[in-house]
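For the protein sequence lines, the chains are A and B, in the order given. Position 23 of the first sequence, counted from 1, bears residue number 23 in the numbering used here, the numbering being contiguous throughout. Just add 1000 to the spot in the second sequence (first one is 1) and you have the numbering used here.
Don't read these hints as lab results, they were simulated from the structure. Note that beta-carbon positions come from the ideal geometry of N, C-alpha and C, so glycine has one too. A couple of the hints might just be wrong.
[Unchecked claim] Stretch by stretch, here's where chain A covers chain B in the computed footprint (C-beta under 8 Å, at least three residues):
| hint | segment |
| --- | --- |
| 1 | 1018-1024 |
| 2 | 1049-1057 |
[Claimed, not checked] Cross-link-like lysine-lysine pairs, in silico, PhoX-like; alpha carbons within 25 Å at most:
| hint | chain 1 | residue 1 | chain 2 | residue 2 |
| --- | --- | --- | --- | --- |
| 3 | B | K1010 | A | K90 |
| 4 | B | K1095 | A | K90 |
| 5 | B | K1061 | B | K1141 |
| 6 | B | K1061 | B | K1125 |
| 7 | B | K1010 | B | K1141 |
| 8 | B | K1066 | B | K1125 |
[Claimed, not checked] Restraint-style ranges between C-beta atoms, simulated for each label pair:
| hint | chain 1 | residue 1 | chain 2 | residue 2 | range |
| --- | --- | --- | --- | --- | --- |
| 9 | B | I1011 | A | V26 | 23 to 29 Å |
| 10 | B | K1006 | A | V5 | 34 to 40 Å |
| 11 | A | S4 | B | V1016 | 24 to 30 Å |
| 12 | A | T8 | B | V1016 | 35 to 41 Å |
| 13 | A | G18 | B | A1143 | 24 to 30 Å |
| 14 | B | K1132 | A | T8 | 42 to 48 Å |
| 15 | B | N1075 | A | N9 | 55 to 61 Å |
| 16 | A | D33 | B | T1127 | 36 to 42 Å |
| 17 | A | N9 | B | G1065 | 26 to 32 Å |
| 18 | A | L72 | B | A1143 | 45 to 51 Å |
| 19 | A | D33 | B | K1006 | 44 to 50 Å |
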Amino acid sequence: MGISVTTTNNELIFKIKGEIDHHNAVILRNEIDSIVENSSSEMVVLDLLETNFMDSAGLGLILGRYRKAEKLGMRFMLVNAGDRILRLLKMSGLDKTIVVKGDHIHEESV
Amino acid sequence: MKNPYKNQIKIEFDAVSQNEALARVIICGFLMELHPTVEELCDVKTALSEAVTNSIVHGYKDQSGKIKLICRIYNDKELYISVTDFGRGIEDISKAREPMFTTDRESERSGMGFTIMETFMDELKVTSRVGKWTRIVMRKKIA
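Given these sequences and hints, build the entire structure.
And the structure:
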């Protein structure tokens, strides 16, 4: 499990690699929050392209990061959520709260 | 005398969060002989992950303990899983099984554990004795 961070065009993109379960969620939460809290970006993006497992702890992680971003006045988006993750999001109703995109295209600023 | 089930494993492990991943690996290995689809395997892994996490987070809270995992194959294609902890127990099981219900205020628990187990497995039974133990039994037919 690992996380890589990219900053692009006022976006803070966290790519979560590997598995998200209760054990990992704590580590991920602390890492993400410490960066978000010290950032002036306008949007927080969680990229789940390389997330190959997620249980309900992942739902908690996503919701928690969304709430944190909101509190800091940042937008929040989930990208590259595969079918299984989408299924969990629908089961919990989280898909109605959070912006979920298939993939995210970055436009170069002029 | 012949066993009613084709194969069985009984594993006891410490109720620590790093063993959530271990439990998933164990069930993957055990299930291989039934040649599950990727979908079936993921469903079972996720359901088991929820059960083990519940034992750690709720059964034992901040205390140490053991989790007993029993897996069996019945009738050549039915998976049976039982997860038992010897922790606090559940006072009101039907309330605990309500979607979104969680007693965990501090950390970011979604309250979806039982819903996920119910959805991804064919059958879920929860029994408990307050102050003594909680047992989750799940079954799934692997096609």
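* To do: Apply the coverage criterion to the segment 1018-1024 of chain B and chain A: a residue qualifies when its Cβ sits closer than 8 Å to a Cβ of the chain, and three qualifying residues are needed.
  => With 4 residues closer than 8 Å to chain A, the segment 1018-1024 of chain B meets the three-residue bar; holds.
* Asked: Within 34 to 40 Å or not, the Cβ separation of K1006 (chain B) and V5 (chain A)?
  -> violated, 48 Å
* Please work out if K1061 (chain B) and K1125 (chain B) have their alpha carbons no farther apart than 25 Å. => holds, 22 Å
* Asked: Do the Cβ positions of G18 (chain A) and A1143 (chain B) conform to the proposed distance bound of 24 to 30 Å?
  -> holds, 29 Å
* Check, residue by residue, whether the segment 1049-1057 of chain B contains three or more positions whose beta-carbon lies closer than 8 Å to a beta-carbon of chain A, and give the verdict. => holds (count 5)
* Asked: So does I1011 (chain B) sit 23 to 29 Å from V26 (chain A), Cβ to Cβ?
  -> At roughly 24 Å between Cβ atoms, V26 (chain A) and I1011 (chain B) fall inside 23 to 29 Å, so the hint holds.
* Distance restraint evaluation - N1075 (chain B), N9 (chain A), Cβ atoms, bounds 55 to 61 Å -> holds, 57 Å
* Look at the Cβ atoms of K1132 (chain B) and T8 (chain A) and judge whether their distance stays inside 42 to 48 Å. => Since K1132 (chain B) and T8 (chain A) have Cβ atoms about 54 Å apart, the given range 42 to 48 Å is violated.
* Are the Cα atoms of K1061 (chain B) and K1141 (chain B) separated by 25 Å or less? -> violated, 32 Å
* Between S4 (chain A) and V1016 (chain B), does the C-beta distance stay in 24 to 30 Å? -> holds, 27 Å
* Asked: K1010 (chain B) and K90 (chain A): Cα distance at most 25 Å?
  -> violated, 34 Å
* To do: Assess, step by step, whether the Cα of K1066 (chain B) is no farther than 25 Å from the Cα of K1125 (chain B), and give holds or violated.
  => Cα-Cα ~20 Å, so holds.
When held up to the earlier numbered hints, the structure conflicts with 3, 5, 10, 14 and 17 and fits the remainder.
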